[in-house]
Structures are given as C-alpha cells and as structure tokens.
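So the sequence lines, in the order shown, correspond to chains A and B.
Under the numbering used here, the first residue of the first sequence is numbered 75, with each subsequent residue one higher.
Under the numbering used here, the first residue of the second sequence is numbered 56, with each subsequent residue one higher.
Some clues are possibly wrong.
[To be verified] Per the computed footprint, the stretches of chain B lying under chain A, defined by three or more beta-carbons under 8 Å from a beta-carbon of chain A, are: (1) 76 to 84; (2) 91 to 105; (3) 116 to 127; (4) 141 to 150; (5) 177 to 184; (6) 244 to 256.
[What the hints assert, rightly or not] Quick list of simulated restraints, FRET-style, between CB atoms: (7) A/D86 to B/V90: 24 to 34 Å; (8) B/L257 to A/L303: 21 to 31 Å; (9) A/F109 to B/G301: 27 to 37 Å; (10) A/A129 to B/D68: 16 to 26 Å.
[Unchecked claim] Rough simulated footprint, nothing fancy, chain A against chain B, three-plus residues with beta-carbon under 8 Å: (11) 159 to 167; (12) 189 to 202; (13) 232 to 238; (14) 263 to 271; (15) 277 to 287.
Simulated from the structure, these hints should not be mistaken for lab results.
Heads up, the beta-carbon is just placed ideally off N, CA and C, and yes, glycines get one too.
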Amino acid sequence: MTTVKSTVNSADPALEQFDTTTARWGRLTMIAGLFFALAGPAYLVLFSGLDVDHARIWTALLAIAGTFGVLWIVEPLTYYPILGQASMYQAFMIGNISNKLLPSALIAQAAIGAKAGTRRGELAAVMAISGAAMVHLVSLLVLVGLLGSWLVSVVPADVVAVVQTYILPSVLGAVLVQAIVSQWNLRMTVVAAVVSAAVVFVLVPAVPALAFFGTAIAVIATAVLAWFLRDRSAAAEPAAPRREDSSDDVRID
Amino acid sequence: MKLRTVVDGASTDILSVANLPVLWICALGVFAVIVVQTLIYVRAARVAAPAAGMSSAELRTSFRAGAVSAVGPSLAVALVAVALLTVFGAPAVLVRIGLIGSVSFETGAASIAAGTMGADLGGPTYTQGVFAVAFMAMSLGGAMWMLATLILTPLLKRGDVSLRKVNPAVMTVVPGAALLGAFFALGLGELPKSGNHVVAFLASAAVMAVCLGIAKALRAQWIREWALGIAILTALVVTYATVGAGVFPAA
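Given these sequences and hints, build the entire structure.
Here it is, written out as structure tokens:
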C-alpha cells in the first residue's frame, strides 16, 4: 500500500504553495458543495408547502446513522493514505471513489511512470481525478439530466409503475451479492445473514415498534457478533487499506 | 408548469415535487462547485509541476488518462441513475447517486428513512411527504461523509490521527460487518412484501453473481463495472413479465 504522507514535508516553496492552495480551496469548495447538496431538500422540507413533520427527519437520520454511521469515520481514514490531502476534497464530493476515481488515478500514474506516494504521483492523481470528474459531469448531465428525463417522460405508464414499485429489490439483490463478494469472508457473511434474518423475520414481526430501527439493530448486532467471533489468527496482520483495485463498488463513496 | 398546485404531502405524484426548479438549481450548483474546484486544482498542479519534476506534457497525459478511464464507469453509473429517476427525480438522482453518494448507500438510506415512516419507496405509501423526509435524511446522511472528510483530513495531514493507532481488527471487522448487516437486512426486508419482490430480488442477485463470475473467469474489469446496471435492468424486465403474467397477486 502506498502512502503520500512520506514525502509531504518537502521544503520546496512551490509544493508548499500547492498544499496550501488545495487545502484552502478544497475545503471551501467542499463546504459550498455541502451547502448546495443540503439546500435542495431543505427547501423542499421548509418552504415548498409540504407539511413535513421535522421530528420524522431526525428519526430517519438516527436510523441511517445506526446503519451507516461507522462508515462516515472509517472511509475517510481508509482512503487518506491512498489519496493524499488534495484529492480527499475532490474524491468525497465527486463520489464513486473505488470504482472510478482510484482506477483513473492509478492508470494516470502508470501512463507517466510516476509512483504513488511521490509528488509526481500526487500531481498525476489530482490531474486524473480532474479529468475523470469532467467526463463524469458531462455524462451525468447529458445521459441522466437530459436523455434520462426525456426517457422517463416517454416510457409507458405501466413500465414506470413496475420500475417504481420493484426498483428497490432489483437494486438490493445485486448490491448484497456485491457486498458478499467484496468482503469475501464466510464467517462474517453467515453472521450477517443469520442476524438479519432473525431481525427481519422474527424480531420485527414480534415487536412491530422496532421496525423503525430494524436495519440499525441488525447492523449493530452483526458488528458486535462479528467482533467476538472474528478469526483471531488474522488479527495480527497490519491494518492495510483494502486493495484499491478491488471489485467493491459497494463501498460508500 | 403548474407546479404550485401539485405540491401536496399526501399525493403520490413524486416527480412533480422532485423536479421543482429550485431542486434543479441546487443540483446544478453542485456541478458548478465541482467545475470550479477542478479548475483551481488543475491550475495549482500546473504551478507546482516543475518543482515536482513533471512536464506539462505529463500533466496533460495524466488528465487525459483519467478522463478516458472514467468513461466506462461513468456510463455504468449513468445507466443505474436513469433506472432510479422515477423514484427520486432527476435533481436528487444527479446529486445523491451520480455525485456525492452512491447507489447502494442512497437507496439504502432512503429505504430506511421511508421505513421509519411506515412507508415503502415507490409503493402506494410513497407520498410527496415521505419523499421529502427521505431526501432530506439521505442528504444529511451523505453530508456526514463530507463533514468527516473536512474534519479528519487536516488532522491526518498533521499526523494527529494515524491508522496505526487504531486497532487493525476494528478497521476491517466492524465496517465489513456493518456493510454486510445493512444490506442483508435491507434486502431480506424486501422479501415479505410480495412474490414479485422476491422475483426481483433473486433475479438481481443471480445476474450479479453470474456477472462477477464471468468477470473473474475472463479477468474482465468492465463486466464488473456494468454488473450493477445489467442486474437491475434484467431484474426489472423479469419482474415486469411476472407482474404482467399475474403470477402473483398484486403487491
């Protein structure tokens, strides 16, 4: 695994300038992105005329935090050694890190023969992610924003109804398989399957009040059980971030 | 557009609120921010390049290599995003699934949020009010990754927080277990809804397994990239057939 950290203490003023500029503007643009990402739904909740009970939002957020909260902290920690400071502010705003941005950066580094962890490698990664971002923005705007919206407007109503009703199981079936393959840990998979089945098919039907937090309960119980039942012989291995060319686009970008 | 008249918390006409002009403006705002960030970064890289022993030709090569290698994954993401347009509307899909978030987290978060209100995404209980709460909650959930990045990156840069100080088993076991637990619970939660939900879930899972198997056998990375889109579309086509044939009672 590579690290950018080892070379950042370079004394060259031009490189220090690069660190300062990308840190300052990376943070500012990320805060601006955060603002726009929240402004839309906030408008919908507060000003659109929909009578939304705000307590429901916090309940929903609490349930999401119970499910994904640990990843909020772990993912930035995992990606930092691979991405370096500058690209962190790019990657967590552009998204699709493991399935698009990391491969792009690696291919660019290979193309100019720069090693990851060097300054050349860092600049190559910044340029590659910039190139990937531009392609991604254009393809999203054209294919999803324009073409996709048009497509939805011409597709027959019964097809739209089927898509709306069954999109969730159609996504989750594939995502679950992807998650199992990306983790590739039989013990953990069995624990997760048994715990989740117990929650979904036994606990929630028996105590309907828990339905709100069913997923969070399953996640926390799985994590605790997996911890106590973990394969201790593997625990001595170093905490290397997972393979950057791994197939898991399940990873939350 | 007669947008004012269509806002009604109990209506299931999601797309009329999901496509409000304000939401489009905010979505385009995120696009604009990324463009500005990219311009600033490219300029900064150009200034720093000589000091790093990098020629401007190498900078251009890197940019082009990144752009070219992003074409396949970007198209694959776009395909999945289009399939979700009817559920979240274009502005939410562009920001949440296309950019900041990802398909798995955002649909998972929205499903959890709808569940706390006793509603199902896309079903007859999926009203404009439920959409608004789910959209807000998934956006706040997504914001936490950005907040964590904003807080942790400077600390990591200074070396205050190091992966080495964290128990290595915590870093691998807990996130992996959380991911598996989340998607097992979310996936299994779909099964009791109807026979058609079971069909959609199993078809999607089977196609993904086949795609990943073929990708491994042929060492074809591109199949891996497209697997999610292929699985979703196949599952929807199969389900459309079973719904049309009336194999199961209506959901």
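Okay, the hints, checked on the actual structure:
Under the rule that three or more residues need a Cβ within less than 8 Å of chain A, the assignment of the stretch 76 to 84 of chain B holds, with 5 such residues. Only residues whose beta carbon comes within less than 8 Å of a beta carbon in chain A count, and the stretch 91 to 105 of chain B has 12; three or more means the coverage holds. Coverage of the stretch 116 to 127 of chain B by chain A holds [criterion: at least 3 residues with CB-CB distance below 8 Å; count 11]. Interface restraint, the stretch 141 to 150 of chain B with chain A: holds (8 residues with C-beta to C-beta distance below 8 Å; minimum three).
With 5 residues having a Cβ less than 8 Å from any Cβ of chain A, the stretch 177 to 184 of chain B passes the three-residue criterion, so the hint holds. Only residues whose beta carbon comes within less than 8 Å of a beta carbon in chain A count, and the stretch 244 to 256 of chain B has 10; three or more means the coverage holds. Checked against the hint of 24 to 34 Å, the pair A/D86 and B/V90 passes, with Cβ atoms roughly 29 Å apart. For the hinted restraint 21 to 31 Å between B/L257 and A/L303, the CB-CB distance of approximately 28 Å keeps it satisfied.
The given range of 27 to 37 Å is broken by A/F109 and B/G301, whose C-beta atoms sit roughly 49 Å from each other. About 25 Å separates the C-beta atoms of A/A129 and B/D68, a value consistent with the hinted range of 16 to 26 Å. Three residues within the 8 Å Cβ limit are the bar, and the stretch 159 to 167 of chain B against chain A gives 7, so the coverage statement holds. Given a C-beta distance limit of less than 8 Å, the hint that chain A covers the stretch 189 to 202 of chain B holds, as 14 residues qualify and 3 suffice.
Counting residues of the stretch 232 to 238 of chain B whose beta carbon lies closer than 8 Å to any beta carbon of chain A gives 7, which meets the minimum of three for the stated coverage. Here the stretch 263 to 271 of chain B counts 4 residues with a CB under 8 Å from a CB of chain A, which clears the bar of 3, and the coverage holds. Only residues whose beta carbon comes within less than 8 Å of a beta carbon in chain A count, and the stretch 277 to 287 of chain B has 6; three or more means the coverage holds.
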